[in-house]
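Undergrad: Based on the provided sequences and hints, a complete structural model is requested.
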Amino acid sequence: MDKLLLDKIMGQVSKPARYMGNEYNMVEKDPDDVNIRFAFAFPDVYEVGMSHLGMKILYHLINERKDTYCERVFAPWVDMEEKMRENNISLFTLETKDPVSKFDFIGFTLQYEMSYTNILNMLDLAGIPLKAEDREEGHPFVIAGGPCAYNAEPLADFVDLVALGEGEELIGELLDLYADWKASGQSRISFLEQAARIPGIYVPRLYDVKYQEDGRILSVKPNTKAAPERITKRIVKDMDKVFYPEKIIVPFMDIVHDRIMLELFRGCTRGCRFCQAGMIYRPIRERNLDRLLELAERLVHSTGYEEMSLSSLSSSDYSQLEELVKQLMERFSHNRVALSLPSLRLDSFAKEFIQEMQKVRKTGLTFAPEAGTQRLRDVINKGVTREDLANTVTDAFRSGWNSIKLYFMIGLPTETEEDLQGIAELAKLVVDSYFQVDREIRQKGLNVTVSTSSFVPKPFTPFQWEPQDPIDLLREKQQYLKNALRSKYIEYNWHDPEVSFLEAVFARGDRRLGNVLLSAWRKGARFDGWAEHFKMDAWMEAFGENNIMPEFYANRKREKDEILPWDHIDAGVSKAFLWKEWQKALKGQTTQDCRVNCTGCGVSRLGEGLC
Amino acid sequence: MRVLVEYTREERVKYISHLDLMRTMQRAVRRAGIPIAYSQGFNPHPVMAFASALPVGVTSEKEYMDIVLEQPMSLPVLKEQLNHALPKGIAVREAVVIEDKTPSMMSLIKRADYKVTAAGVDWNQVIEAYTGASEILVEKKSKKGVTTINLKDAVYNICKDEENGEVLHLSLKVGDSSGLNPLSAVNALLKLSGAAKNEGIDLTAAVHRTGMYLIREGQWVTPLALNID
Ligand code: SF4
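Protein chains in written order, with the working numbering: chain L, 1 to 611; chain H, 612 to 840.
Calculated from the structure, these hints are not laboratory results. Treat the numbers as computed from the prediction; the structure is a model and nothing was measured. Careful, some of the hints might be misleading.
[To be verified] The calculated DSS-like cross-link candidates involving lysine-lysine, where the alpha carbons are at most 25 Å apart (straight line), are:
| # | chain 1 | residue 1 | chain 2 | residue 2 |
| --- | --- | --- | --- | --- |
| 1 | L | Lys83 | H | Lys802 |
| 2 | H | Lys754 | H | Lys721 |
| 3 | L | Lys97 | H | Lys699 |
[Said to hold, decoys possible] Not everything, but these chain L residues come out facing chain H in the computed CB check (under 7 Å):
| # | residue |
| --- | --- |
| 4 | Met10 |
| 5 | Gly11 |
| 6 | Pro16 |
| 7 | Met20 |
| 8 | Phe252 |
C-beta: ideal position from N, C-alpha, C; glycine also.
TA: See the structure below:
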């Protein structure tokens, strides 16, 4: 990389530190000393990517290997992209500023569907052929992982490999194989075929998809004996033995989640029916208390961070939470480390916690009832009641909180006007609870924020067969809530339904969407998750050009026997279980927390002693 | 115990903002286990203050941070531990004890010197144009809005390096209303001679801060002269 040229453009873009690297705890190696160079690519800006726990884990894990140097690259912001193209600067990593095209691997993490165009854009900026089949010997292998990888079909044309499930063990096996393959001088396709034998590795090119005349899938079959019929996700069995970084990069810039993240466990036993994470990360596996305290201690010392969050799907479900919080407070309050519990659930949120947390810092409290009525909460299996909410916020107001955020979804299956009305009523319940607390005790200035997102049916959930509400209907519902939530204490936020529509298209999309991605990207779509860059027109034109009806994906009801684009992926949870859950949902029947009693989701097949 | 720390900001970290730097120092002090004092009040923060902010893209060999310790600490140890805890590219060079009642560095420092390196610029021509002009108006953006100041009021001294023709030495006022960001000053100079092509700051001219000074008994001295040991 020409340093003068880089300096010149860095002076002309916003936040140049995004591209600078050299943060504390960044790993430095001499590229000449390693055999494999791995570019960990996050298809969004630095501030977002650096906030991601999975990236921190894999970056430091891969760098434990002597033969491999893992470096980072993020999506350049639009001003940087412009300057890079103007000056013919190829996409480069933060660590060495070397062009990504020289690397052995580019690993993208797929956190949300709206980052897909950024992947194409990054490959293009790197000068790497976009389509996997056009890549030749000497080009990097493009691998993708993360939650959206469970249905990576819309990206099937662009990625060489997909990693399913937890990467800690899989990545080592893949790199070992790669080292052997590299030494052997075999062809590119032979590497892919060998990789396909590693459990959890999916090579889309080794499968053929056939369609019926009505557009539904007829079959998905491997086109070589090297590829298995179904690809099963990977899970790490022992959370105490698996690698967890004891040093993490401390960015100079302010990032979205700028703190230590302590992962208490993986998985979730609640079984909320809309939640993909709750299904794909099963089963629940905890770290033990001592290991967590040890990690916390080391991370506090190695980073100097002043804040730590407990990061798991439902952190308050940790079996020794009280003991953990108590001990963390004892050890670190003199170091002035603030503790935050981001995904608290109403029902297990004991009063003492509110008191404990208050000692360190008081941030806004967040609750997610998700639906407005008990009936609909039973449909989605969100076990939270009106009383839970009333009691908890009352305790919070008594302890000096005055800012409460409530999260809901609109467009959930079976939703009626009553459920929308219910959202407004719960918001009013919170306001009333505040005014019932003694004026002397409560903090002045009540602020209730209600946010609604629009329901996006996701693969591997009981709602995977369901249509999404059409955009117009979602707009009507938002308008209804705007009226119903008029109050000087309540602020209402909603998501753009056009974005939710596209999410729904790509979440359950198939390979035919690859060309749509390509067209939309050519029309300038990128950073689609950022309101200021979202271009619905470009997307609609892209669908039109490729004769694709997006409604087919977003708004169509699927039948039980339809072959879904992700049916050849085994995420642990069985299709039969999901269907059973869907039928129960329709009857308004709840399913208990499987910590109490196994509800037969099927994931225990994946290994002995898992559940 | 109040300690004044002199540190560098080198090439590899030159794109961080002043806010980034403050955050970095706070965390480095925590990592180093330095017994820094915290302010009282609802949201306590470590007691540390900085001299004049260094613009994004500028390197420096002498920056100053002023911290208050809760307990006394040996300065060589402080220096060593802090260096160990700092990212590469920021290094502590000196640490001295100063009077508890010393006014802030921000208010004391009056002058900053820079070394500007640019290939292909005829500095003689720039200096000539500068000397010839009676007024060179430069826009200055601050929180209060945009004001226009005269570059000639902001410059103490300007001269070409005797040995290296690519280098210009520039000495600027700091702290009062005519103080100017070095990048704006350099850009104004380059424009004056037609050397700067665009409106943005052109960082192909490397700007490096070589020192900051205050006046003591009628003399320019570095902040380290405040040492009371
Ligand atoms: S197998 Fe049973 S216990 Fe294990 S995650 Fe599934 S439902 Fe829960």
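Undergrad: Hints first: check each against the structure and report whether it holds.
TA: Against the structure, the hints:
Taken as a hint, the Lys83 of chain L and Lys802 of chain H pair is honoured in the structure, with Cα atoms around 22 Å apart against an allowance of 25 Å. In summary, the hint linking Lys754 of chain H to Lys721 of chain H is supported, as the alpha carbons are separated by about 20 Å, within the 25 Å threshold. For the proposed pair Lys97 of chain L and Lys699 of chain H, the alpha carbon gap of about 17 Å is at most 25 Å, so the pair holds. The interface hint given for Met10 of chain L holds, since its Cβ lies 6 Å from the closest Cβ of chain H, which is under the 7 Å cut-off.
This hint holds: Gly11 of chain L has a C-beta 3 Å from the nearest C-beta of chain H, less than the 7 Å allowed. Hint on Pro16 of chain L holds. Least Cβ distance to chain H is approximately 4 Å, under the 7 Å limit. Using the Cβ-Cβ criterion of 7 Å, the hint placing Met20 of chain L at the interface with chain H is satisfied: the shortest such distance is roughly 5 Å. For Phe252 of chain L, the shortest C-beta to C-beta distance to chain H is roughly 4 Å, which falls under 7 Å, so the interface hint holds.
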